[in-house]
Structures are given as structure tokens and as C-alpha cells.
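Novice: At the far end of the sequence shown sits residue 303, using full-length UniProt numbering, and the numbering has no gaps.
Among the hints, erroneous ones may be present.
Label pairs and their computed distance ranges (CB to CB) [claimed, not checked]:
# : residue 1 : residue 2 : range
1 : S167      : D132      : 25 to 35 Å
2 : I241      : G52       : 45 to 55 Å
3 : V13       : I228      : 34 to 44 Å
4 : H226      : E279      : 37 to 47 Å
5 : G223      : D280      : 16 to 26 Å
6 : V227      : D280      : 18 to 28 Å
7 : D141      : S40       : 32 to 42 Å
Think of the hints as simulated: they come from the structure by calculation, not from any bench.
Even glycine gets a Cβ: it sits at the ideal position worked out from N, Cα and C.
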Amino acid sequence: MRLPVRNVVRETVDAVSVEFDASFAYLPGQYLTVRTPVGSRCYSLATSPLSGEKPKIVVKRVRGGAVSNWICDHVRPGDQLECAGPAGTFTPASLDDNLLLLAGGSGITPIMGIILALRGDAALIYANRDADAIIFRNELDGLLPVTHWLDNERGLPTADGLAALISGYRDREAFVCGPEPFVAVAEKALQTAGFPDSRIRVERFELDAVSTIDATAEVSIDGRTHVIAWPAGKRLLDVIIDAGLNPPYSCRQGQCGACAVRMTSGEVDLLNNEILEEEDFAEGYILACQAIPRTNSISITYF
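Between the sequences and the hints, there should be enough to build the whole structure, so can you do that?
Specialist: Structural data, given as C-alpha cells:
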């Protein structure tokens, strides 16, 4: 179906909401598959079908992410987007239930749709890198109790830290959405706090860019240069470690910068980046833990 765009609103410095001038049936927490000239991507609906609002999605810009960048740069009111769906099973069995909600970054999108539709009680734990990255901050604070976990204040979310926040909600069903590293930590926290798997619902955000080419990486580290095969779909840090080398790294989530390395030739896409700025990219720095190849060969140097 072709959906006319009614409005585009900047939610944060790197995220926009796209509101459609259309009406169609969907369930809270479902998503649309948006087809663009540069590829297709699934985006969750951030609205409730019960509220009378026009349906909208949220698109967070990802460096190197073809679809997210195209939408953020090109879509304007009056345009039309080709969409498939809605689809997905990340929706409560009953809107009268009391829920525990955990979101990381743009994982708030389907969670917001659930919040707006829910008749029962809900508590939300929402993780972001800093206050400026919080999507729907004003709306959320007026809708329900929110515990904000900000990386710049508390460090990255940990299973023990989250478990301490959720221990009082063991009688509820938990809904978790966000990038894979956050989801993994949240799942462990829920299990630690005593939630059975039957009451843990998860939605993992797919990556905006997936490498489909094999490449070669020339890696200069500790005064020596190594030429390493880089299979499609693997991240650079994993390839380097698998080759028996000892590169610096820490979080493996694109959030701390410990794995940053200077690229001297070639091109990569970063699956996530929450630390490098434009001036870092201008100097050639990339995150090894998030890099997948865009060209057949790249060269990097550790200093």
C-alpha cells in the first residue's frame, strides 16, 4: 500500500517521526515494512489504533544505514511511501493487563504504541546514551512512571542494575524492545529477577545495513601488518580477534569507543554508533566492533 505522508517531526537530533495521512487496521506494537529506492526496512508503529491518531513510525538515523538516512534526508509532507503490513506479534494478549516495559533507544517506538492503547497499569525503564537522545520524553513523562537509564550518568545498562529496578514487578508480563545488546542484558536481568520465560516478550530491532560481500582487511597493530579474510556478515572486531590478534575493545555495542581505529583506505558501514562524532569520521576513525565491509578491501591502523 502507498501511504501519504502527513507530517515529519524531528524527535531528537538523529530521529524523526513520520506521520501518515491514512487509516488502516493494526495492533499496538506492530510494524510496517517501508520500501524505498535504497532498500526496505521494518519500522514499528508508535501510535495506538484506539486513540484516533494518525499512524506514525519513528526513524533513527544510523551512520551508513541506507534506508534510515534516505528517509531522514528525503521524506517530506505530501510524499508517499510504499509500505507492507502491518505485521508482528509484539502485542499484549489483553490491554487490561499490568505490564513492565523495557526499551532501549528507538526501541521505545512499539512500546509507545502499547502504552497509548493499554488500559491496565504500566511501568517503563528506558535506556539512552544521554537526555538529548530520549524519544518522546515529554509525552512519556505525562503518561506513566518512567525510570530513565542514561549511559552518560550510569554507564551502560547491566543485568544486575536492571534486575534491581524490576524486582517489584515479578507478577507482570514484561515487554522488551531495542538493539540486540540491550535486549540481551534486559533478558538476563528479567531472568535474574525471577521472571519465567513465558512472561518475557521480546522484539529485536533488525540492523539497517547487512554486509553481503567478502572482503580483505589489512590490519596494522603492534608494529606488524596482517592481511585477514573478512567474510560477509561478520564484524571487523570479530574477524581481528578470530585471527589471533589482540585489539583493544570493551562494550562491543558501539557505545564506549574503546575499539576505535583509524581506517586509511576502503569503506565500511557501522551498525551502531553512539560515541564517534563527525570530526572523528573526518579523521578516518571507525568502530571495529560495529564495522561491516562496504568495499572489497580496507586498511586500518592501531596507534
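Novice: A range of 45 to 55 Å was offered for this pair. Does it hold for the Cβ distance of I241 and G52?
Specialist: At roughly 52 Å between Cβ atoms, G52 and I241 fall inside 45 to 55 Å, so the hint holds.
Novice: Against the range 34 to 44 Å, how does the distance between the Cβ atoms of V13 and I228 compare: consistent or not?
Specialist: Between V13 and I228, where Cβ atoms are some 35 Å apart, the hint holds.
Novice: Has the hinted range 25 to 35 Å been met by the Cβ atoms of S167 and D132?
Specialist: The hint (25 to 35 Å, Cβ to Cβ) holds, given that S167 and D132 are roughly 30 Å apart.
Novice: Could one say that the CB atoms of V227 and D280 fall in the range 18 to 28 Å?
Specialist: 26 Å, holds
Novice: Holds or violated: 32 to 42 Å for the Cβ distance of D141 and S40?
Specialist: 34 Å, holds
Novice: Take the C-beta atom of H226 and the C-beta atom of E279, compute their distance, and say whether it sits inside 37 to 47 Å.
Specialist: 29 Å, violated
Novice: If you check the beta carbons of G223 and D280, does the distance land in 16 to 26 Å?
Specialist: Since the Cβ atoms of G223 and D280 sit about 24 Å apart, the hinted range of 16 to 26 Å holds.
Checked against the numbered hints given earlier, this structure breaks only hint 4.
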